[in-house]
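Protein chains: 2
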Amino acid sequence: MIQFYAPDIKETLQLPESDSAHCCRVLRMKEGDEIFVVDGKGKRYRCVIVEAHPRHTAIEIVAEEELPSHWDYKITLAVAPTKNLDRMEWLLEKIVEIGVDRVVLLKCEHSERKVVKTERLEKIMVSAMKQSLKGFLPVLSEVIPFKDFVKSEEGAGCQRVLGYCSDTYPRREFASTYVRGEDVVIMIGPEGDFSPEEVEMAVEAGFIPVTFGESRLRTETAALFGVTATHVLNQLK
Amino acid sequence: MIQFYAPDIKETLQLPESDSAHCCRVLRMKEGDEIFVVDGKGKRYRCVIVEAHPRHTAIEIVAEEELPSHWDYKITLAVAPTKNLDRMEWLLEKIVEIGVDRVVLLKCEHSERKVVKTERLEKIMVSAMKQSLKGFLPVLSEVIPFKDFVKSEEGAGCQRVLGYCSDTYPRREFASTYVRGEDVVIMIGPEGDFSPEEVEMAVEAGFIPVTFGESRLRTETAALFGVTATHVLNQLK
Numbered sequence: 010m011i012q013f014y015a016p017d018i019k020e021t022l023q024l025p026e027s028d029s030a031h032c033c034r035v036l037r038m039k040e041g042d043e044i045f046v047v048d049g050k051g052k053r054y055r056c057v058i059v060e061a062h063p064r065h066t067a068i069e070i071v072a073e074e075e076l077p078s079h080w081d082y083k084i085t086l087a088v089a090p091t092k093n094l095d096r097m098e099w100l101l102e103k104i105v106e107i108g109v110d111r112v113v114l115l116k117c118e119h120s121e122r123k124v125v126k127t128e129r130l131e132k133i134m135v136s137a138m139k140q141s142l143k144g145f146l147p148v149l150s151e152v153i154p155f156k157d158f159v160k161s162e163e164g165a166g167c168q169r170v171l172g173y174c175s176d177t178y179p180r181r182e183f184a185s186t187y188v189r190g191e192d193v194v195i196m197i198g199p200e201g202d203f204s205p206e207e208v209e210m211a212v213e214a215g216f217i218p219v220t221f222g223e224s225r226l227r228t229e230t231a232a233l234f235g236v237t238a239t240h241v242l243n244q245l246k
Numbered sequence: 010m011i012q013f014y015a016p017d018i019k020e021t022l023q024l025p026e027s028d029s030a031h032c033c034r035v036l037r038m039k040e041g042d043e044i045f046v047v048d049g050k051g052k053r054y055r056c057v058i059v060e061a062h063p064r065h066t067a068i069e070i071v072a073e074e075e076l077p078s079h080w081d082y083k084i085t086l087a088v089a090p091t092k093n094l095d096r097m098e099w100l101l102e103k104i105v106e107i108g109v110d111r112v113v114l115l116k117c118e119h120s121e122r123k124v125v126k127t128e129r130l131e132k133i134m135v136s137a138m139k140q141s142l143k144g145f146l147p148v149l150s151e152v153i154p155f156k157d158f159v160k161s162e163e164g165a166g167c168q169r170v171l172g173y174c175s176d177t178y179p180r181r182e183f184a185s186t187y188v189r190g191e192d193v194v195i196m197i198g199p200e201g202d203f204s205p206e207e208v209e210m211a212v213e214a215g216f217i218p219v220t221f222g223e224s225r226l227r228t229e230t231a232a233l234f235g236v237t238a239t240h241v242l243n244q245l246k
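Here the protein sequences come in this chain order: A and B. The first sequence begins at 10 in our numbering and counts up one residue at a time. The second sequence begins at 10 in our numbering and counts up one residue at a time.
Source of the hints: derived by calculation from the structure; they are not laboratory data. Everything hinted at is true.
Identical chains blur together in the list; that is why a pair holds if it fits in one copy or across any two.
DSS-like mimics (lysine-lysine), calculated; alpha carbons at most 27 Å apart, straight line:
#1 246 to 83
#2 126 to 92
#3 156 to 83
#4 126 to 156
#5 92 to 160
#6 132 to 92
#7 160 to 83
#8 132 to 83
#9 123 to 160
#10 156 to 123
#11 132 to 39
#12 116 to 156
#13 50 to 19
#14 116 to 83
#15 83 to 52
#16 50 to 83
Just chain A, same shape as in the assembly (with noise of 0.2 Å):
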């Protein structure tokens, strides 16, 4: 099965240019073929197509589906940027498959890369929706201060861990850390790693410091073992 992508599918009832170019040039749909169309907020519409017009090509909705998430619990990344932006590009790929709700770009004291273009970045996120069949299209956010990001999530009601390296405050292990169920935010610095003062802001802030094993892990890959984790560990019966 093939989803395409269309976030006012509903109001607009064409497919945007590069999935109407996707459906027209390169699979060669034509009129009357039938289509899925997901809007990134948890419908698919199956829809026929009435006009294969390579840019805009119009669709009739068929029929309508709300698509289950597939985990209960929120989990929000938020990651400084790796100064390699292929680095970001497979992450933000693997977590959409694997499921994730919000990233966050942080800005570190020890940030090799302070700037992002998001754009390319949700193109990555918008194909991964497509290709793994999910209805959601995670929350991307552009690049913040990491004391601007912790600030907004003092007081919020979930589980907030740090994700570091070097041991100047003693580290829990996220997977006996982390409780099942509930929403968890995973905060994981950058190359440098987070500075003392960002961690003892976050650990005021009450973030908990964790670590993800005994083994040295890239940003990138910290990044996915920490929402690869969660899932594992609400998959558990």
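Guided by the hints, dock chain B onto chain A, whose structure is given.
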């Protein structure tokens, strides 16, 4: 800390060409400088450079330490190489970082890629081992036919699971199937999934069909999920 890799350091007392170049050309290290060298078999040597030669740097061993493995269960990942080799390359980088003992490349009925040059994959595994400060280099096998691998594992005293997409056989959730502390063999099929005959053959040989959750995962994502999940479950106190 920077680790160099020289499988036979104790005999040769030299860094191989690539590591010599990195040591002397890139890092500009000189006679008398101290470096760490791992042999990929669990030993790390503290060495002093006696000749900073860019092709065969000579060293003297000052101290030798046994590096503990971070996990006491063996993980074998048997995976059908993806059509796009980049996906295999990052998979290997990630599982070496996270921790794996053996990687087997499978040739399945639906494999789009039946040949893989392993030299480049080996190189990626070596640098991931160095980067994540490990002392063990996982074993990487050449591509072998699915049937031969399943036969070779028959009667193996460890848990063997088969991650696949279709549900011709009832599948258990890996998280509640894996018995902590035990060695595990995780088989992941190609983009086109295992064929019904392959699934039947594996089940008859004692492999348990498992799922890693509701999300549809790409081959390399499922493989990474399986390896990560094994560590997460073993980290539970």
